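There are 4 protein chains.
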Amino acid sequence: MSDLQAILDSIHTELLPRLGEGKVADYIPELAKVDPNQFGMAIATVDGNVRSVGDADIPFSIQSISKVFMLTLALGKVGESLWKRVGREPSGTAFNSIVQLEREEGIPRNPFINAGAIAVSDIVLSGHAPREAIGELLRFVRYVADDESITIDDKVARSETQTGFRNIALANFMRAYGNLDHPVEHVLGVYFHQCALSMTCEQLAKAGLYLAARGTNPITGHSVVSPKRARRINALMLTCGHYDGSGDFAYHVGLPGKSGVGGGILAVAPGIGSIAVWSPGLNKVGNSQLGAVALEMLAARTGWSVFGD
Amino acid sequence: MSDLQAILDSIHTELLPRLGEGKVADYIPELAKVDPNQFGMAIATVDGNVRSVGDADIPFSIQSISKVFMLTLALGKVGESLWKRVGREPSGTAFNSIVQLEREEGIPRNPFINAGAIAVSDIVLSGHAPREAIGELLRFVRYVADDESITIDDKVARSETQTGFRNIALANFMRAYGNLDHPVEHVLGVYFHQCALSMTCEQLAKAGLYLAARGTNPITGHSVVSPKRARRINALMLTCGHYDGSGDFAYHVGLPGKSGVGGGILAVAPGIGSIAVWSPGLNKVGNSQLGAVALEMLAARTGWSVFGD
Amino acid sequence: MSDLQAILDSIHTELLPRLGEGKVADYIPELAKVDPNQFGMAIATVDGNVRSVGDADIPFSIQSISKVFMLTLALGKVGESLWKRVGREPSGTAFNSIVQLEREEGIPRNPFINAGAIAVSDIVLSGHAPREAIGELLRFVRYVADDESITIDDKVARSETQTGFRNIALANFMRAYGNLDHPVEHVLGVYFHQCALSMTCEQLAKAGLYLAARGTNPITGHSVVSPKRARRINALMLTCGHYDGSGDFAYHVGLPGKSGVGGGILAVAPGIGSIAVWSPGLNKVGNSQLGAVALEMLAARTGWSVFGD
Amino acid sequence: MSDLQAILDSIHTELLPRLGEGKVADYIPELAKVDPNQFGMAIATVDGNVRSVGDADIPFSIQSISKVFMLTLALGKVGESLWKRVGREPSGTAFNSIVQLEREEGIPRNPFINAGAIAVSDIVLSGHAPREAIGELLRFVRYVADDESITIDDKVARSETQTGFRNIALANFMRAYGNLDHPVEHVLGVYFHQCALSMTCEQLAKAGLYLAARGTNPITGHSVVSPKRARRINALMLTCGHYDGSGDFAYHVGLPGKSGVGGGILAVAPGIGSIAVWSPGLNKVGNSQLGAVALEMLAARTGWSVFGD
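Residue numbers (the numbering used here), protein chains in the order written: chain V, 60 to 368; chain C, 60 to 368; chain B, 60 to 368; chain X, 60 to 368.
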């Protein structure tokens, strides 16, 4: 499929003059230091091939993309009962909004907004010390990506801990409603570390491949989730994966995806492959500006949209 | 594909004991009179075949499903400039909520909630008397369904007009923000009549087929929209088609769909076919209870989910 | 009390250089035509004297100040049962907000926001044709002011009818919740005409005197309400009389008051007198800018604040 | 004024059969242990007399009533610049709501809701260690009450600290918006301790007397605030002192007042006296049920309403 490499190359070439567009996240000091003039993209296809372009081998902070892996882990632990504590609907509000939490009495709208991911962290913590839960997540991500070199960036985790007042507010608010079982500090310890996972586009594309391949990583043969669960996680990514820009992403790209404020996006083409893109500048709803553009180009040129070719 | 007929039959058989579940919409007097013990389903596939089961030949009030056809018409008239007046994001609120309209200054979140559809009606009205706009919609639906017998139920339209205080409120509110060009009565005249379109499952499945077939009805060969626009309408149906139950529908069914309070749902399997299901009892977010169950069964048995097989 | 005249004169003199401050209401075309460089003030004391300064004999549109008289009328008709349909709490939102109405299912927060006054109009309508209800209000205001020359400005009423989309929305929304007994057009007919009452500061000060004098106009001896009801209406004016600027008005002026977008304010000094001030320019929460300043000066110089001297 | 004692006695007698009405606050474990069958009332008049009835000499947790003293302290420190960080409008929401904070970007609506009092605590902290700020408040309350025996109940403070997740959320949320200068733990340390002030009705009535007497305690001659500031604090108590029941309290009682979830209410009759009432059972908006009734009786029998006699 040399076509695919050609498509990646053409996207890269066309976007080169636009490098630096958007605004790097500045509310986490460590992220603010990242050079905005970077762009990488990688595609892992279900046949086991990985193609990439640009800065696809430079690690970046995957931030909220980790919510996909945490949700997978938590569903593995507690199954569908997870949905007693988290909803499955788009929020219609910003990623860190607390308004909805009050109106809906401590039940976050979905697992991909911060409040929902904090509840998921609480579930993953069950029966663990925070350090162990973080270890479990790291092992899981290394397992699905088939790459032992993936790490958590402690400086980023620390930076988030020190400035994450809004997340501390969300966690305490849920605790007030009885929707956290563990001490807030433990839950946030897990939450801030998951956000600090550091991965390259290539690693991330491979890590997401199980979602494109009926729940099983075709490269390693590892079964991660059932085909049904893979479909369902994809559905959540499509409706809720881009905060209050989810509808727009579906409209323009047409693939399930999850973005992070580090500038990464993981997208899934069911039955075909998994795509990771990274460029640090964000658009005004907090998603990678060039990342979204690159994925729109890719979908248009490949016909991979789930909504028709 | 006799399999497909067998699947339809099995769904029908399994749901027979559950007929009457849910609650028939009672805020529109004419709809409240409908016998809840009805269930019909029809599938039109891109090869031109139509299969059906149960009450698939009984006309029902398609209500909000008409918003898909109105959007198609309006996009044909004004193209992407439509999005200056209507958003593309899930609302996170009920179908007739006015809260969001105030917060976002008269711009409805998407074309599939009532406020959005009222704005779309205003667009379709441009340069027309209300009667002509209604005539244009009727001709369009007959054209895409290839069926001249489709009608608008005047009793339902009148019933909605007399009790539609909330929709009158929405329209006046948008007018106050300058987001309606025509007199409120004219716009609502169009809006209430579109909701009163009366169709059978078979007609509806055929009418939606262009969305599954790259924008062209494969039976008649009529080109309705471009492939890109068909994909985009499908994306909107998936993220916004079931009000505040859109996430749940995507999770369980995995197909773009649009529901109506008459108990109908139109779903699209891109590249495969168009499905219409009807059962009057509604669940608590206002979507057909058995209709949603039937579609979940269908998706599970066919592997048609857009999120993987 | 020649002191009082001196105080009025000093306020007038000090404010003359500031005439024209604020912004004349422009959403009602007739009001937008008013010359902003006007200022009048009148005080009617419980001993029957009326003192005034500036343009106190020029009629202006009292707009929402009429809500005080309508509430008095409605309480006379249905007594405390009125509070089943309208709340008594500050709204925390703008005068024409619809958000609260949805959250609290059609029950307006208080009788001094638009939605509340529309519900009060519905109560005053009971058993009347709209024309009669308007006649009753006009007779009532003439009676409390002891002045048969007070009129309703039909041009203003018509202007409001033609542009009052937001009020039409509010009324229909309440109707949808069952909180209006009469047709929306009738209720709004009453509502728009009450807003169009045209009075001078002198007339208005006399009309409000019953609120300062235990419910009885000391000039005419007419008993309007009981002392208890007079206190309660004053309480509502203090907590809710200036929309989302009520707290600020209480903080700076310390008197019960009701403002209108025509630039008038009626204030009450219980046991002492009734004050009317008018200057068309509005501050950003929609209250007369110089009117509020004049009342703050008056309260500071007289020690009339209800919160201590 | 033996009449006043007779009025207190009659109120007490009439309320005795109703002791136990309402619901004792249970979200703070220490408060849940209080015997609900208690009722005390004390009045300190500007002539220096103190009259009381019932359990007026039993200390109770004054909780949010302390917000009045903290506001007085903070205004003494930073003057009117305080209002850059806190609003002066009724909130229209519950005492611990976070919704408004998000909409208004970290600026609490007024100093008498929890968020506002937390911001005020931050101001009082300036240049202090938390322990010193708490000491300063305690000295201040002892000073205005002229009673060195007043204490802070450490068990209550600890109980609040351990269960105050919602207040922790509010504080972190404000910190996220830059509206706290000190570490959240320090600010909340002050906040939780002020709530745990333990006072009798007699002490509380004397402590509030400066608000009734132009800012100066007439018993001790201590000048606490200027007359203007006393009026303004009274105005805030009237419009914002009872959370979302402020309008109702003004309507029924007609006096500036501040309630606490411990079941106490401090009310002020400007120029006349200061009233403290205590009964632990709360009504549904979180104010003392019998306390409010007793104050309504008192106002009716004395004619002390600020809105007329």
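Careful, some of the hints might be misleading.
Derived lysine-lysine pairs resembling BS3-like cross-links, with alpha carbons at most 27 Å apart [to be verified]:
id : chain 1 : residue 1 : chain 2 : residue 2
1  : V       : 143       : C       : 143
2  : B       : 343       : X       : 343
3  : V       : 136       : V       : 343
4  : X       : 143       : B       : 82
5  : C       : 82        : V       : 143
6  : C       : 343       : V       : 343
7  : C       : 143       : V       : 287
8  : B       : 143       : X       : 343
9  : C       : 343       : V       : 82
The following residues of chain X were derived to be distant from chain B, with all beta-carbon distances above 10 Å [claimed, not checked]:
id : residue
10 : 63
11 : 71
12 : 80
13 : 212
14 : 298
Hints were generated in silico from the structure; no laboratory data involved. A quick note: this is a predicted structure, and the numbers were derived from the prediction, not measured. Yeah, the Cβ is synthetic: ideal placement off N, Cα and C, and Gly gets one too.
*Outside-interface status for residue 63(X) - nearest CB in chain B farther than 10 Å*: Nearest chain B Cβ is 20 Å from residue 63(X), so the label holds.
_Just want to verify: residue 212(X) was marked as not at the interface with chain B; is every Cβ pair farther apart than 10 Å?_
Holds, since 31 Å exceeds 10 Å.
*Taking 27 Å as the top limit, are the C-alpha atoms of residue 143(X) and residue 82(B) close enough?*
holds (24 Å)
*Given the proposed pairing of residue 82(C) with residue 143(V), does the C-alpha separation stay at or below 27 Å?*
holds (24 Å)
_Given the hinted pair residue 143(B) and residue 343(X), is their Cα-Cα distance within 27 Å?_
holds (17 Å)
*Test the statement that residue 71(X) is away from the interface with chain B: the closest C-beta pair must be farther apart than 10 Å.*
holds (23 Å)
*Take the C-alpha atoms of residue 343(C) and residue 82(V), compute the straight-line distance between them, and say whether it is at most 27 Å.*
violated (42 Å)
*Decide if the proposed pair is consistent with the structure: residue 136(V) and residue 343(V), CA atoms, cutoff 27 Å inclusive.*
With a Cα-Cα distance of about 35 Å, the restraint between residue 136(V) and residue 343(V) is violated, given a limit of 27 Å.
*residue 343(B) and residue 343(X): Cα distance at most 27 Å?*
violated (34 Å)
*Does residue 143(V) pair with residue 143(C) here, judged by a C-alpha cut-off of 27 Å?*
Judged against 27 Å, a Cα distance of about 38 Å means the pair is violated.
_Given as non-interface: residue 298(X), which should sit over 10 Å from chain B by C-beta_ = violated (5 Å)
*asked:* So if I understand the rule, the pair passes when the alpha-carbon distance is 27 Å or less; does residue 343(C) with residue 343(V) pass?
replied: violated (34 Å)
Checked against the numbered hints listed earlier, the structure breaks hints 1, 2, 3, 6, 7, 9 and 14; every other hint is satisfied.
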